[in-house]
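**Student:** Those protein sequences? They're chains A, B and C, same order as listed.
In terms of our numbering, the first sequence opens at residue 170 and continues consecutively.
In terms of our numbering, the second sequence opens at residue 170 and continues consecutively.
In terms of our numbering, the third sequence opens at residue 170 and continues consecutively.
Simulated from the structure, these hints should not be mistaken for lab results.
It is possible that part of the hints are untrue.
Claimed, not checked - In silico lysine-lysine, DSSO-like type, Cα no more than 30 Å apart, as pairs:
1. B:Lys334 <-> B:Lys291
2. B:Lys385 <-> A:Lys334
3. C:Lys255 <-> B:Lys279
4. B:Lys401 <-> B:Lys386
What the hints assert, rightly or not - Derived list of chain A stretches under chain B, where covered just means 3 residues or more per stretch with a C-beta under 8 Å from a C-beta of chain B:
5. 221-230
6. 233-239
7. 245-258
8. 435-443
9. 452-462
Each residue gets a CB set at the ideal place from its N, CA and C atoms; glycine is no exception.
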Amino acid sequence: MSLKGRDIVWIGDLSEEEILTVLDEAQRMVPIARGEIKSKIMDGRILASLFFEPSTRTRLSFETAMHRLGGDVITIAGQEGSSLIKGETLADTIRMAESYSDIIAIRHPKEGAARLASTFSKKPIINGGDGAGQHPTQTLLDLFTIRNNTGGFEGIQVAIAGDLKYGRTVHSLSLALGRFGAEMTFVAPDRIQMPEYIREELDKMGARYHTRDDVKKVIPDSDVLYMTRIQKERFPEEEEYMKVAGAFKIDAEALEGARKNLIVMHPLPRVDEIHHSVDRTPHAKYFEQAFNGVPVRMALLKLILEVAE
Amino acid sequence: MSLKGRDIVWIGDLSEEEILTVLDEAQRMVPIARGEIKSKIMDGRILASLFFEPSTRTRLSFETAMHRLGGDVITIAGQEGSSLIKGETLADTIRMAESYSDIIAIRHPKEGAARLASTFSKKPIINGGDGAGQHPTQTLLDLFTIRNNTGGFEGIQVAIAGDLKYGRTVHSLSLALGRFGAEMTFVAPDRIQMPEYIREELDKMGARYHTRDDVKKVIPDSDVLYMTRIQKERFPEEEEYMKVAGAFKIDAEALEGARKNLIVMHPLPRVDEIHHSVDRTPHAKYFEQAFNGVPVRMALLKLILEVAE
Amino acid sequence: MSLKGRDIVWIGDLSEEEILTVLDEAQRMVPIARGEIKSKIMDGRILASLFFEPSTRTRLSFETAMHRLGGDVITIAGQEGSSLIKGETLADTIRMAESYSDIIAIRHPKEGAARLASTFSKKPIINGGDGAGQHPTQTLLDLFTIRNNTGGFEGIQVAIAGDLKYGRTVHSLSLALGRFGAEMTFVAPDRIQMPEYIREELDKMGARYHTRDDVKKVIPDSDVLYMTRIQKERFPEEEEYMKVAGAFKIDAEALEGARKNLIVMHPLPRVDEIHHSVDRTPHAKYFEQAFNGVPVRMALLKLILEVAE
Chain A
170 MSLKGRDIVW
180 IGDLSEEEIL
190 TVLDEAQRMV
200 PIARGEIKSK
210 IMDGRILASL
220 FFEPSTRTRL
230 SFETAMHRLG
240 GDVITIAGQE
250 GSSLIKGETL
260 ADTIRMAESY
270 SDIIAIRHPK
280 EGAARLASTF
290 SKKPIINGGD
300 GAGQHPTQTL
310 LDLFTIRNNT
320 GGFEGIQVAI
330 AGDLKYGRTV
340 HSLSLALGRF
350 GAEMTFVAPD
360 RIQMPEYIRE
370 ELDKMGARYH
380 TRDDVKKVIP
390 DSDVLYMTRI
400 QKERFPEEEE
410 YMKVAGAFKI
420 DAEALEGARK
430 NLIVMHPLPR
440 VDEIHHSVDR
450 TPHAKYFEQA
460 FNGVPVRMAL
470 LKLILEVAE
Chain B
170 MSLKGRDIVW
180 IGDLSEEEIL
190 TVLDEAQRMV
200 PIARGEIKSK
210 IMDGRILASL
220 FFEPSTRTRL
230 SFETAMHRLG
240 GDVITIAGQE
250 GSSLIKGETL
260 ADTIRMAESY
270 SDIIAIRHPK
280 EGAARLASTF
290 SKKPIINGGD
300 GAGQHPTQTL
310 LDLFTIRNNT
320 GGFEGIQVAI
330 AGDLKYGRTV
340 HSLSLALGRF
350 GAEMTFVAPD
360 RIQMPEYIRE
370 ELDKMGARYH
380 TRDDVKKVIP
390 DSDVLYMTRI
400 QKERFPEEEE
410 YMKVAGAFKI
420 DAEALEGARK
430 NLIVMHPLPR
440 VDEIHHSVDR
450 TPHAKYFEQA
460 FNGVPVRMAL
470 LKLILEVAE
Chain C
170 MSLKGRDIVW
180 IGDLSEEEIL
190 TVLDEAQRMV
200 PIARGEIKSK
210 IMDGRILASL
220 FFEPSTRTRL
230 SFETAMHRLG
240 GDVITIAGQE
250 GSSLIKGETL
260 ADTIRMAESY
270 SDIIAIRHPK
280 EGAARLASTF
290 SKKPIINGGD
300 GAGQHPTQTL
310 LDLFTIRNNT
320 GGFEGIQVAI
330 AGDLKYGRTV
340 HSLSLALGRF
350 GAEMTFVAPD
360 RIQMPEYIRE
370 ELDKMGARYH
380 TRDDVKKVIP
390 DSDVLYMTRI
400 QKERFPEEEE
410 YMKVAGAFKI
420 DAEALEGARK
430 NLIVMHPLPR
440 VDEIHHSVDR
450 TPHAKYFEQA
460 FNGVPVRMAL
470 LKLILEVAE
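Please model the entire structure based on the sequences and the hints provided.
**Tutor:** Here you go:
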């Protein structure tokens with residue numbers, strides 16, 4: 170098994186064995202990501218960090234990953250990224266970037282952009298999120314955070330809450346967790362529950378899952394609580410949104426009946442889904458999760474460019 | 170005395186001894202800042218350069234400081250910085266940045282932002298200016314420039330001109346110069362003279378100072394002339410502004426009666442306070458002052474991260 | 170002959186011998202530009218990449234050039250660059266940049282800005298394009314691409330098509346090709362043909378050239394077809410533009426009668442001058458041309474900073 174030269178456009182590009190290889194490699198990367206150990210394995214290599222829409226957390230963690238490994242970065246971000254979209258074709262931009270770099274991380278507002286990019290690029294493409302589409306490095310860092318805290322996936326209870334209909338990253342996460350044997354509870358208002366086609370996929374692989382509509386009620390039986398944002402805009406009437414919103418916000422008090430080892434996760438940025446009082450509890454793992462973006466992306470860079478240590 | 174792990178939010182975070190330590194270290198950094206000697210003491214380390222409002226001079230001098238020491242930089246600037254302010258909380262942004270870096274330089278439009286950031290960050294924070302608030306690295310590079318040109322602070326005559334009411338950097342500079350025994354002349358229209366609470370502080374430490382309202386008249390007796398911009402907006406009527414503005418602009422001719430060693434400083438950018446004819450005189454030190462931002466910030470990076478050479 | 174410390178503001182700053190020296194050096198840089206060989210000759214050096222207007226291709230190739238040689242980069246781009254233009258004078262911005270770096274690449278919307286910058290900077294300035302003015306590194310990479318594919322300039326047939334009146338880069342290219350003995354055909358609508366003063370220059374040096382008004386007709390007899398964009402705005406009436414536009418667009422079919430070794434070039438970004446069907450033909454060299462920006466700029470950095478290998 171080798172990831173050398175591979176594009177990572179969606180999590181399905183990786184077999185279960187390959188995912189575990191990435192997580193294992195990421196584990197070894199942690200002290201380098203923390204700056205405790207130095208690495209030069211990317212010396213002389215260049216990451217093109219192409220952000221056609223803002224995603225500061227993803228961009229900076231990719232760039233830190235490259236720097237911690239001794240590599241360099243060229244960046245398109247902000248205004249420049251947005252105007253490039255309106256200018257030349259993605260194909261031409263990608264061909265430029267691939268000739269100036271060794272590997273490309275791309276974030277794009279249009280679903281399918283990363284896949285399209287990969288067809289034009291001879292250099293490996295890592296999808297940093299494409300609109301309502303895929304975000305495989307998010308799924309990998311989510312899995313990494315869960316495994317690091319629970320010890321494994323088999324049989325753990327994972328509650329996934331928030332906008333489960335439009336939030337594609339929770340689709341990828343659910344499918345991955347299903348493959349690894351976790352039991353899931355999808356917590357969302359009916360209007361934005363996990364779509365039928367994802368449930369069918371889960372059924373096919375024999376994954377166990379339940380649906381609920383109040384976060385607070387699933388807390389006591391969960392090992393992992395994965396919160397996401399519910400956007401007001403998903404509801405035709407503000408009134409309807411107000412009716413359900415409260416059931417998808419948690420604070421320290423709401424966690425009082427939780428298992429001692431419950432971990433609370435969130436892809437960030439958060440708005441008001443998780444009250445700041447949770448930050449001080451031992452359950453809060455969303456900042457650790459954000460940090461984990463670095464070792465996970467380091468692992469991908471290393472495995473894809475297959476550089477010797 | 171050690172600055173290891175310290176936040177530098179305002180100049181008061183540093184004792185007089187510590188300030189002198191920074192200036193001495195900065196002196197040793199000059200040939201590295203000029204690129205004449207190479208250093209790798211920051212090899213593998215990352216500076217997060219977070220500019221939530223534009224300040225190109227400060228940003229680039231921080232980034233050059235890190236690069237000249239062999240370190241890497243991740244940057245938030247421009248549009249991205251401004252929109253982050255509207256998005257997630259500063260606390261969450263800072264927690265992200267600290268997990269991707271070893272030290273953070275922050276520039277923010279809101280007074281107090283850097284102090285707030287320091288309470289959330291386990292990594293050291295250097296304030297690169299917070300709105301109408303503090304800008305300690307500016308004070309340090311000002312002190313460095315003065316000492317390098319005058320040989321010391323005790324008894325030198327420093328005229329500080331321009332907007333002394335709202336310009337907080339001149340407050341910090343005045344307090345620091347007072348502590349080190351310089352004699353100051355505050356030159357400003359009454360409306361924007363040095364505030365009472367700063368004068369009281371200076372009185373308490375026994376510092377000597379005077380107030381005047383015409384730059385040209387103080388030039389003959391000064392060793393240092395520190396110019397700042399007077400903003401039209403500080404005056405209720407344009408007419409009133411026009412009446413005083415002329416007294417706060419200098420050109421080469423105005424310097425004819427100056428002491429041979431008078432140095433003219435300005436934090437830059439300038440508008441029309443200093444005519445370009447001054448640039449060609451030996452008095453002009455504002456470009457040297459801008460350069461000094463590099464060795465001073467290098468010194469801080471080294472002392473705070475306490476890396477061995 | 171030495172380029173040490175030289176400003177490169179327009180191609181006329183370089184003698185023919187110097188141009189060939191740059192092209193030869195660029196040739197040696199290719200494997201480093203590709204990442205196949207590592208170089209550290211710029212270790213500890215800093216390029217200030219000042220983009221006061223967007224030009225992603227030029228900016229990223231300068232930055233990659235510096236990184237591939239082991240150097241660092243500080244960047245002004247996007248919104249920050251545009252607002253700097255409105256703020257302080259170019260002179261003050263340049264003096265800042267020169268004190269934070271070893272060499273400056275500048276892109277500016279105003280013609281003459283790079284020349285002006287060079288008068289203020291003690292550090293070498295490389296012009297990355299100034300408005301309707303000069304863009305010498307584009308000319309160098311164009312020459313490099315042509316020579317690499319044709320083996321030399323003497324007697325080759327170069328068709329240059331598109332907006333030849335306002336496109337100053339084609340003026341520089343034509344004059345350079347004329348000096349090196351290429352025979353040129355200028356293909357443009359009358360309204361935007363090669364200006365008289367350029368033709369006079371070519372006449373003076375005894376260069377051979379022709380004028381035509383339909384790209385397709387010159388293809389069979391060309392070794393190089395250099396396409397540029399025709400802007401609708403150059404024509405008083407859209408109708409007039411529509412009448413001629415078709416004669417300045419090519420697709421794979423249009424190349425069927427071409428010489429086997431014809432190369433098609435374009436400075437990019439393209440709009441619809443070159444149909445994507447051309448990309449798959451062996452004639453398409455515009456992506457290679459974009460890549461060549463890296464070794465050519467590496468060569469300039471090395472020769473100007475005259476660093477030992």
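**Student:** Against the earlier hints, flag every one the structure doesn't satisfy and list their numbers going up.
**Tutor:** Of the numbered hints given earlier, those the structure breaks are 1 and 2, listed in rising order.
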